[in-house]
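Q: Between the sequences and the hints, there should be enough to build the whole structure, so can you do that?
First to last, the sequence lines map onto chains V and H.
For what it's worth, UniProt numbering labels the leading residue of the first sequence as 1, then goes sequentially.
For what it's worth, UniProt numbering labels the leading residue of the second sequence as 1, then goes sequentially.
Hints are not guaranteed to be accurate.
Copies of the same chain look alike in the list, so a pair counts if it fits in one copy or across any two.
30 Å max Cα-Cα, derived DSS-like pairs, lysine-lysine [what the hints assert, rightly or not]: (1) 116 to 63; (2) 59 to 116; (3) 84 to 16; (4) 267 to 63; (5) 309 to 294; (6) 220 to 116; (7) 40 to 60; (8) 233 to 267.
I should point out that these hints are in silico values taken from the structure, not numbers from a laboratory.
Number of protein chains: 2
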Amino acid sequence: MKDLQELQNIILQAVKDLKYPSQPPDLYEPISYILSLGGKRLRPALVLMACDAFGGDVKKAVKAALAIEVFHNFTLMHDDIMDKAPLRRGQVTVHERWNQNVAILAGDAMMVEANKLMLQVPDAILRQVMDIFNDTAAGVCEGQQFDMSFESRDRVSADEYINMIRLKTAILLGGALKIGALIGGASTKDADLIYTFGEQLGIAFQLQDDILDVYGDPDKFGKQVGGDILSNKKTYLLIKALESAREGDAAGLQQWLDNISADPQQKVAAVTAIYNNLQIREQAEQAMQAYATKAFAAFDSIDLPNANKQYLRGFADSLLVREY
Amino acid sequence: MKDLQELQNIILQAVKDLKYPSQPPDLYEPISYILSLGGKRLRPALVLMACDAFGGDVKKAVKAALAIEVFHNFTLMHDDIMDKAPLRRGQVTVHERWNQNVAILAGDAMMVEANKLMLQVPDAILRQVMDIFNDTAAGVCEGQQFDMSFESRDRVSADEYINMIRLKTAILLGGALKIGALIGGASTKDADLIYTFGEQLGIAFQLQDDILDVYGDPDKFGKQVGGDILSNKKTYLLIKALESAREGDAAGLQQWLDNISADPQQKVAAVTAIYNNLQIREQAEQAMQAYATKAFAAFDSIDLPNANKQYLRGFADSLLVREY
Chain V
1 MKDLQELQNI ILQAVKDLKY PSQPPDLYEP ISYILSLGGK RLRPALVLMA CDAFGGDVKK
61 AVKAALAIEV FHNFTLMHDD IMDKAPLRRG QVTVHERWNQ NVAILAGDAM MVEANKLMLQ
121 VPDAILRQVM DIFNDTAAGV CEGQQFDMSF ESRDRVSADE YINMIRLKTA ILLGGALKIG
181 ALIGGASTKD ADLIYTFGEQ LGIAFQLQDD ILDVYGDPDK FGKQVGGDIL SNKKTYLLIK
241 ALESAREGDA AGLQQWLDNI SADPQQKVAA VTAIYNNLQI REQAEQAMQA YATKAFAAFD
301 SIDLPNANKQ YLRGFADSLL VREY
Chain H
1 MKDLQELQNI ILQAVKDLKY PSQPPDLYEP ISYILSLGGK RLRPALVLMA CDAFGGDVKK
61 AVKAALAIEV FHNFTLMHDD IMDKAPLRRG QVTVHERWNQ NVAILAGDAM MVEANKLMLQ
121 VPDAILRQVM DIFNDTAAGV CEGQQFDMSF ESRDRVSADE YINMIRLKTA ILLGGALKIG
181 ALIGGASTKD ADLIYTFGEQ LGIAFQLQDD ILDVYGDPDK FGKQVGGDIL SNKKTYLLIK
241 ALESAREGDA AGLQQWLDNI SADPQQKVAA VTAIYNNLQI REQAEQAMQA YATKAFAAFD
301 SIDLPNANKQ YLRGFADSLL VREY
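A: Here it is in structure tokens:
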């Protein structure tokens, strides 16, 4: 069994070895550029880790892992256009460094490249893997569209929100694990279980991210604490607060949401106080815990010795035990 | 054997029968919308026609034909954003009717849907078909990028231009025919020949389009005669004229290109006169004829009785015998 670090190194090398045509430069240079920006390469590492857990040769899963990484970066390139984001991993985004048309078209080409890479799985599992890959890709598009449409809506239900983060983020973890498991020789049943593990873990992780935005330790949490509050982002916390707030809290919360020139520190403190009053943190943690429990229940049902599962379990634990 | 009209009707019905999820509406409604705008459905009809010519059951090629049509419309949706086009087939474009982000994301989802449709070919040819499809898709992206980058360049060579139209337009005709042929049971050799037929025919057709823009009969040619001249579009004619013009013609041509407030009628007449002086029409017709000859040479080498080839030949003839 190989640990996360070793698998990430394999991906790192494989990404470096990816070669694209030199012409036309404005199509292929942006692809090499975004893939060179780094990131933790967790999604492709999950492909390898699942393959490894089922006793497969990780070398045989490298192309599929790259397919997941190229697909993920394609979605980032297009999301950055939609979000008008100036930076990605601290570097200038493709649509800013080149232009928007280049970013649209290079993203399209990456989707094709991701398919080419994924098609290199063995014949015996080709159709199954491509079906998972396309279902995942369609779901990620749906999740992104839900996310964008939520921005312009007054209210979003907690169920709608969970479904959005499931599609936008969680199913790619599930899909990566399932494809890796199939390459490693997993049964359909175990492949389904590891998909559920990834999907539910992804939802729990995203809920944790929402909690950390408000309650995280600024030194340990990578982003600015309160950033979601300042941007009025419809996180699980805000959605639950809008659902349960009555009278004074409801009016106060709405006032802060409507106040576009509020002092940042005051707004974060005031909204956090309303969350505290409504016990939103506890509700969010309960929800997060419920998804984590589902994830680990599926994981425990996978028919593998514990020794084979240790790195996957360790990965899941590390994902969910960030300091508050 | 079925004629073009009958095959187009099959496609028309199949496009109508395509059903997409109702949620999220801003992802799937634009897909149904662009597919409902019509068009001649030539590319998907070519899939069926090639399948039919090789004695295959066209019903078994309908999903692949739809894949080609959905892919083609995905490229149109994204091209329209890049070109800032207000209209597509006389109707409002997706990025104008919804917004740009919707058009980016719905296009992405169409690419996934095209893959899902293409994956429904039989196992025996699955890998071969998906390889053709992805190579074609990558080529189309390359062609679009070359086309965009040519706009900002002073000079483009005739070879570069031919390669651009080959990638942007012609190879999708070749790919559609080749995939249809394989579904119909063609040998690899015949599948390669029909690809060359489509590719070379596509180049000839595009060159004819360049000629018709200047020398077409305004009543028969669908677009405004001289439109390419007015927009300084680097067509085969302009490229050849810039290559061969000397002294007076060269200076005159450059003056008209630089004159952004020229009277339209005067500009078209003057540039056409320079083309006439340089015998550009004859050069372009020779080039077009050379590609048509290559197309028909490949077509004639396909190991099929003439009766099986009649509709494909008729299609090619109809494409290239437009009145000037």
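Q: Please list, smallest to largest, the hint numbers that this structure does not respect.
A: Of the numbered hints, 4, 6 do not hold.
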